[in-house]
Amino acid sequence: MSYRKTLKLICGFAGGSAVLFAAAAAADSRGYFGEQRGETAGRWSRFTVLQAAQPAWTPASHTPAPTGHAWDFNWDKRDPSALSNGKKKERATEDPSSEQDNGKPKATRNILLIRHSQYNLSGNNDKERILTPLGREQAELTGQRLAALGLKYDVLIHSSMTRATETANIISKHLPGVDLVSCDLLREGAPIEPVPPVTHWKPDAVQYHEDGARIEAAFRRYIHRADPTQKEDSYEIIVCHANVIRYFVCRALQFPPEGWLRMGLNNGSITWLTIRPSGRVALRTMGDSGFMPPDKLTRT
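Residue numbers for the sequence shown follow full-length UniProt numbering, so the first one is 1 and each next one is one higher.
Hints should not be assumed to be uniformly reliable.
Cβ-Cβ distance ranges computed for the label pairs, FRET-style [unchecked claim]: (1) Ala65 - Leu180: 32 to 40 angstroms; (2) Pro196 - Pro176: 42 to 50 angstroms; (3) Pro294 - Trp201: 20 to 28 angstroms; (4) Lys104 - Ala70: 17 to 25 angstroms; (5) Gly264 - Leu175: 24 to 32 angstroms; (6) Arg276 - Arg220: 29 to 37 angstroms; (7) Arg276 - Gly123: 35 to 43 angstroms; (8) Trp201 - Lys127: 16 to 24 angstroms; (9) Gly123 - Thr67: 40 to 48 angstroms; (10) Trp272 - Leu180: 14 to 22 angstroms; (11) Ala65 - Asn125: 43 to 51 angstroms.
The set of hints was computed from the structure by calculation and includes no laboratory data.
Glycine included, every Cβ here is placed at the ideal spot set by N, Cα and C.
Put together the whole structure using the sequences plus the hints.
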């Protein structure tokens with residue numbers, strides 16, 4: 001077999017630049033590049049070209065560096081180990097490990113965040129911003145989807161705004177026996193100034209100041225791990241608004257909350273958060289609306 005064929009075979013098997021470089025060095029020493037062995041300067045200039053053609057590789061250049069802070073397991077202030085710190089034992093013989101075990105959550109909370117359906121954008125006030133005919137269809141489809149999942153829902157909480165209330169009422173027809181609860185904290189608003197900023201939506205600073213505190217209060221009320229007294233996994237539905245849901249997702253996943261406006265949600269879509277007893281949070285779905293026909297999808 002000729003040397004050129006051998007070189008080609010070696011490179012084909014190895015597929016790496018190190019083998020190519022070694023083979024090229026051997027070929028050059030035998031004069032296969034067309035010069036005499038004594039032409040050292042020309043030979044090494046070719047090696048320089050070969051080296052320059054290879055990308056500089058280091059582990060750091062191909063491994064993204066961690067950013068931000070480590071996961072905070074006490075993000076909801078319900079970590080049993082943190083709650084037990086500093087507490088005095090009633091009895092000297094009390095086993096601290098058993099006390100901590102008794103205070104540990106054992107159930108998983110599943111929170112299904114539903115964005116309200118399409119509504120009348122031309123309404124002058126909240127009462128006039130009712131669902132459109134298409135919006136009512138969307139709510140029916142969302143209710144059917146939730147029923148088809150076959151889950152044992154514990155409660156259906158909704159924003160007190162008209163479009164969210166109407167959406168929740170339509171959904172509830174498909175989930176008989178599930179209690180409806182209205183909450184003012186879940187009303188739409190401006191949770192935090194978005195980064196990067198947008199030109200088409202610029203609330204006043206006072207709106208961020210007021211709405212942000214309220215929406216954060218809603219997050220703290222509804223998004224947390226299960227209470228230690230909860231015995232079984234729970235499934236809770238919250239019908240509210242896009243800004244609220246996007247902010248909740250960022251906060252629950254410990255992402256920078258100012259990134260909430262980088263996400264988009266269709267009307268009637270389902271966002272599913274799972275909160276484990278350990279405090280771990282998982283996003284199972286984000287804005288799922290695949291159960292709707294394409295001609296029913298809107299984002300208003």
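With 17 to 25 angstroms as the target window, see if Lys104 and Ala70 comply at their CB atoms. Holds: the Cβ-Cβ distance is about 21 angstroms, inside 17 to 25 angstroms.
Please check whether Pro196 and Pro176 have a Cβ separation lying inside 42 to 50 angstroms. 45 angstroms, holds
Is it true that Arg276 and Arg220 lie within 29 to 37 angstroms of each other by Cβ? This hint is violated: roughly 18 angstroms between Cβ atoms.
Assessment of proposed distance window 35 to 43 angstroms (beta carbons of Arg276, Gly123): 41 angstroms, holds
Cβ distance range 43 to 51 angstroms for Ala65 and Asn125, holds or violated: At 50 angstroms between Cβs, range holds.
Supplied distance hint 24 to 32 angstroms, evaluated on CB atoms of Gly264 and Leu175: 26 angstroms, holds
Between Pro294 and Trp201, does the C-beta distance stay in 20 to 28 angstroms? Hint holds: Cβ distance 27 angstroms, inside 20 to 28 angstroms.
Has the hinted range 40 to 48 angstroms been met by the Cβ atoms of Gly123 and Thr67? Distance hint for Gly123, Thr67 holds at roughly 43 angstroms.
When you take the CB atoms of Trp201 and Lys127, is the distance between them in 16 to 24 angstroms? Holds, since Trp201 and Lys127 (Cβ atoms, about 23 angstroms apart) stay within the stated range.
Go ahead and decide if the range 32 to 40 angstroms is satisfied by the Cβ distance of Ala65 to Leu180. Distance hint for Ala65, Leu180 is violated at roughly 48 angstroms.
Lying within 14 to 22 angstroms: is that true of the beta-carbon distance Trp272 to Leu180? Holds, since Trp272 and Leu180 (Cβ atoms, about 20 angstroms apart) stay within the stated range.
Hints 1 and 6 from the list above are not met by this structure, while the remaining hints are.
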